Structure formats: C-alpha cells, structure tokens
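> Residue numbers (numbering that gives the first Met the number 0), protein chains in the order written: chain G, 0 to 161; chain C, 0 to 185.
Worth flagging that the hints you see were computed from the coordinates, not collected in a lab. All of these numbers come straight from a predicted model, not from anything done at the bench. There's no promise every hint is true.
[Unchecked claim] DEER-style ranges, computed between Cβ atoms: (1) 11/C / 103/G: 30 to 36 Å; (2) 157/G / 4/C: 30 to 36 Å; (3) 88/G / 92/C: 44 to 50 Å; (4) 99/G / 12/C: 31 to 37 Å; (5) 116/C / 104/G: 36 to 42 Å; (6) 99/G / 90/C: 37 to 43 Å; (7) 63/G / 49/C: 40 to 46 Å; (8) 105/C / 57/G: 17 to 23 Å; (9) 22/G / 54/C: 22 to 28 Å; (10) 116/C / 75/G: 16 to 22 Å; (11) 117/C / 89/G: 37 to 43 Å; (12) 177/C / 90/G: 46 to 52 Å; (13) 89/G / 92/C: 17 to 23 Å.
[Stated by the list, open to error] Simulated pairs of lysine to any residue, SDA-like, Cα-Cα distance not exceeding 20 Å: (14) 86/G / 23/C; (15) 84/G / 23/C; (16) 86/G / 27/C; (17) 86/G / 101/G; (18) 84/G / 26/C; (19) 81/G / 157/C.
Cβ atoms here follow ideal geometry from the backbone N, Cα and C, with glycine treated the same way.
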Amino acid sequence: MTQATLSQFQGCGSEGTDSSEVRTVFLPVFLLLGIAFGFVLTRSEVLSWFRIQEMFRFQSFRMYGIIGSAVTTASVSLALIKFLKLKSASGELISVSPKPLGSGIQYAAGGTIFGLGWALTGACPGPVVALIGNGVYVMIAALVSALAGTWVYGWLRPRLPH
Amino acid sequence: MTAWLGREWPWYIAGPLIGLFVPALLIAGNKVFGISGSFSHLCAAIAPGRVEYFRYNWRRAGLWNLVFLVGVLIGGFLSAHFFGAQGVAISIETRASLTRLGIHDFTGVAPRELFSWHALLTVRGFVSVVVGGLLVGFGTAYAAGCTSGHAISGLANFQLPSLIAVLGFFAGGLATTYFILPFLMG
Numbered sequence: 000m001t002q003a004t005l006s007q008f009q010g011c012g013s014e015g016t017d018s019s020e021v022r023t024v025f026l027p028v029f030l031l032l033g034i035a036f037g038f039v040l041t042r043s044e045v046l047s048w049f050r051i052q053e054m055f056r057f058q059s060f061r062m063y064g065i066i067g068s069a070v071t072t073a074s075v076s077l078a079l080i081k082f083l084k085l086k087s088a089s090g091e092l093i094s095v096s097p098k099p100l101g102s103g104i105q106y107a108a109g110g111t112i113f114g115l116g117w118a119l120t121g122a123c124p125g126p127v128v129a130l131i132g133n134g135v136y137v138m139i140a141a142l143v144s145a146l147a148g149t150w151v152y153g154w155l156r157p158r159l160p161h
Numbered sequence: 000m001t002a003w004l005g006r007e008w009p010w011y012i013a014g015p016l017i018g019l020f021v022p023a024l025l026i027a028g029n030k031v032f033g034i035s036g037s038f039s040h041l042c043a044a045i046a047p048g049r050v051e052y053f054r055y056n057w058r059r060a061g062l063w064n065l066v067f068l069v070g071v072l073i074g075g076f077l078s079a080h081f082f083g084a085q086g087v088a089i090s091i092e093t094r095a096s097l098t099r100l101g102i103h104d105f106t107g108v109a110p111r112e113l114f115s116w117h118a119l120l121t122v123r124g125f126v127s128v129v130v131g132g133l134l135v136g137f138g139t140a141y142a143a144g145c146t147s148g149h150a151i152s153g154l155a156n157f158q159l160p161s162l163i164a165v166l167g168f169f170a171g172g173l174a175t176t177y178f179i180l181p182f183l184m185g
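Bound conformation, chain C alone (with noise of 0.2 Å):
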C-alpha cells in the first residue's frame, strides 16, 4: 500500500481521481470545482481597498474555496513527506529539449536553477516565478478560472466559455514554451 501511495500513478488512475473532486464537490455543498477563485477571496480578505470587484462578503461566497486551499497545502505537504518526492521521470526527448535550454538538474519535482531562492535573483528565476505567478493570477480573474475551473468542470459541463479559456491556455503555454523559454535561456 504504501509503495502504491509513494509512486508516481499511472494517467489513468491520476486522472479520473481528479475527475472525481467534481461530484465530490457538488455533494458536499452543490460547489463547482475550482481554485483560482480563493485567489481573489484572499485580495477580498487581506486587501479589498476600494476596488468594487472584492467588496463581497468572501465569507460566504469563499470560505470552503479557502479551507479546501488549506487542505491543498497539507496534501501536498503529507504526500511529499511521508511518501518521498523523487525526480520525475520524464520523456527522453523532453529532457533533450530541456537539456538543450541549458536545464541541467532533473532531480527534483521543479528544476531548482529556476525555482529556489537563490535563483529568484536571476531574471531567469525572477522571471519565472514572480512574472509567471503574476500572470496566473491576472489571467486566471479575467479567465474567471484556471484548470480545474475551466478545463475539468466547465469542459465537463460542456460550456463554450471554458472552451475558449482552456484554447486560451495552450495558445499562451505553447507562446511561453516555444518563445519565451528560448529567449529566457538563451
């Protein structure tokens, strides 16, 4: 069991769990299924200021979204410390690709010449975490949702505005994958 719980899982068992969080949510508290709006119920809790978009009660509106961003936290926490966070075993092309980006540590979930502290003092980390996070969070208010939101509940829903978001999503990642990097790395 536990060996099973401390591999990486198969697409096929990863992925219909994640479907799941679906009806798990719905019958839990008829709640649809997404993350990015706890983002704007934290500007709403920490910092509204006069701006009209967060001046709602996000008690209401979002405080499961928030408790379930806590439990995100710990999930992630419980997973990678009691059943080890190894590298990930990517495709041997992908890490000819990257290798060739000047990508060179491949041991951990997140290559670490980007994402550590020291490397935020790098355009190139600097970049990457503080420009890439800033875009998430820009993008995903005015998307009105992320993955979850758009690409598993509002696909699944059949919704032609998530449809057009999750269109939105690979046109950007492919313009960050085939432009951006190159140019970052370079």
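Only chain G is shown next, with the shape it has when bound in the complex (with noise of 0.2 Å):
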C-alpha cells in the first residue's frame, strides 16, 4: 500500500509504525508479550468492572496510583531510550512521532465518546479482549460491537470534523 494511503490511517497504536513491518521471526515476540500484558491486565483488575467504577466514583487511589506510575515509568523509559539513540532489534533507530493535533476535536468528541462506553463496559479494548480469556465470554459480544463501532467510524469519517 502507499504511504498516502497509511498515512490517513490513525488508528491507536499506528502512529510512527508506517515505514516498518515487523518481520516474520519477531512475531512471536509480540506474542510474547501480549500474553504478558494480557496477565498484567488480570492480576492488576484493571481489567475489572468493579475497579473502573471504583475510579470513576474517586472511591479508591489505586486505578490513578496505577495510572500513574505507569506513564512514569512509560516516560522515563522514552527519555532515556531517546539520550541513548537506542535502536530497535530490527536496528532502526527507535522513534516516536506525534499525533497531528488538528483542530483537536477528534480527541474531544472520540475521547469522550470511548469514556461514555468505557464505563458502561467496565473495560477499554484490551481489557475486552483479556475479559473473554477470564471466562466472560459475553464480552465477545462486546468485541463484535466494538469492531462494529469502528467500522462506522471508518464509514463515517469523511463527514466528521477532525
């Protein structure tokens, strides 16, 4: 595909991955790493309907604790990922580039918008998936309903404002 057509693309998690695919023999790494997560998920209840109304309610410190010293960490490792000029395994040099800000309303109204479902679902879209491996399989239906979601989004976008 070309780079024009990527480059509209700007789903969560695409942005600065357009120039690379990731090679055959380092699938499994993410693999790895995504049963990783999906355990991280479970055992931290982040994952839980109860701990999302427990923070929306400002009930319990734990979800901003978590919250928290996750972009903590998150920040500190980029900072010095960034001073070290570290490259990734495929060698590339590792970089981040930012979201075009535009008029902004996109991340107001979207934001929004995934807020009002994430708290009737009790989960944003890895926990959905985590949730359907701990045994609540009705939130498969809330899979379908999400990959729905998005594909009214694609349909849609050429008459929302951004």
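Take each chain as given, in its own frame, and dock them per the hints.
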C-alpha cells in the first residue's frame, strides 16, 4: 500500500509505525509480550468493571496510582531511549512521531464517546479481550460490537470534524 | 511464587509493569504501545468494504498488533485459569454505592447482573455490553487511541492530543457513572 494511504490511517498505536513491517521472526516476541500484558491486566484488576467504577467514583487511589506510575515509568523509559539513541531489535533508530493535533475536535469528541463506553463496559480495548480469556464470554459480543463501532467510524469519517 | 502470581498486585507493582510495555514494544520493533488500532486492522482484514479508511495493507501495518492481541487473550486465560479469578476487593464505599445502584453480585471480575449471556437479553445488560462496545469501538477510532495509546504512550511522550483525549475519557466516564448508570439501573 502507498505511504499516502497509510498516513491517513490513525488507529491507536499506528503512529510512527507506517514505514516498518515487523518481520515474521519477531512476531513470537509480540505474542509473548501480549501474553504478559493479558496477565498483567488480569492480576492488576484494571479489567474489572468494579475497579473502573471505583475510579470514576473517586473512591480509591488504586487506579490513579496504576495509571500515574505507568505513565511515569513509560516517560522515563522513553527519555532514556531517546537519550541513548537506542535502536530496535530490527535495527532502526527508535522514534515516536506525535499525532497531528488538527482542531483537536477528534480527540475531545472521540475521547468523550470512548469514555461513555469505557464506564458502561467497564473495559477499554485490551481488557475487553483479556476478559474473554478470563471466561467472561459475553465480552465476545462487546468485541464484535466494538468492531462494528470502528467500522461505522471508518464509514462516517469523511463527514466527521477532525 | 504461585501464591504471589495468584493475588491481586498492588498498584506500585502493576503500574510500572504496564508502563514497561512502552519501551518493550519500541525495542522489539519500534512499535508504539496501543491496542485499539488492532480494531481497525481487524475491520480492514475482515470487511473493508468500500470504506477508504480500511483500504490499506493491514498485514504490513498491524499484524504485530493483532498477534499482540491474541497474546492478551491467552494471557488473560492463563492468568485466570491457573492462578484463579477471585472476587475484586473494591472499597467499602464503592460496594455501598453499587449496592444502592442495584448491583448485588460482587463475586466475579464484572457483575453478572450486567455481564452474562442471560443479562444480554435485558435492557441494562444490552446497553452495558453492546451499546458500550459500540461506543468504545467508535470513540477509540475517532480519537485515534485508547487508554494504552493515549493515556499511557501519549501522556508519557507529552502529547497534547493525548491530554485532550484523556480529559475526554474522564468526561465521558463520569457522565456514564453519574447520569447514564443511575438511569439505566433505575
């Protein structure tokens, strides 16, 4: 696919990834990291509807502690990576290209719409999948529904403010 | 070891571990930690239709993301299956608030009154799972990111779009918690 088409694509986690394809030999690494993430989501209980309710009701520090320390750890790691000019396993210089701000409407509106759904399902995208693994099989319906939601966005995209 | 793996992890263990996925993915393949992009990749793989947004090479852009997502499914299974899925020890205040709301089953990771196949046939269960799912899928695609992409990766990189998105996450979440849920459960 052409670069132009790819740069229009703005899904979560896609930024800064346009140019490189992960070689097949590295895919097992991503599988293992995914397994580890599913494990952490479960043991940290951030996939629990109850924990999300606790957070939105400001009745426990737990979720704020988790998010805050996660951002701090990620931020320090990022600064170190940039400072040391580290290369990835595939040999490219590691870079994080920022998302375009535009009018900012897409982030405010999209973020609010996601927030409404986050408190309803009690799960953001990672946890929806991890919950299916946890045996909450009705989340298969939530996953299918989320895919439908993403599809509707793609379809309406030319008519939405960004 | 196994006992520790089975318990709920304190925030100061769980948070830094989650944060470490950002450098891990960058080092593994120069990839920015994020989950919701895989929803777009799945749409592009399964049913791109004539929608321009989904007409790209999903294998090239997102196969790693989908492989990671399969891992999340397996990790959730292994964790719950081998180390137990106990009830969530939420605060007494939250338990009281939710009881007033009409939630009585606190034994699972999510209340079975809302999250079971049986509950899916009720209005509150349908709205929680199906309408909630739709909003999650639409909102994360529109905002170009979810909790992992914006709240963790984006904020860690000091990106203004991510800050706006996270404020939106909370605006929406608070609206659901204080207005929609009481109405839905009423």
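> Which numbered hints does this structure break?
Of the numbered hints, 2, 10, 11, 13, 17 do not hold.
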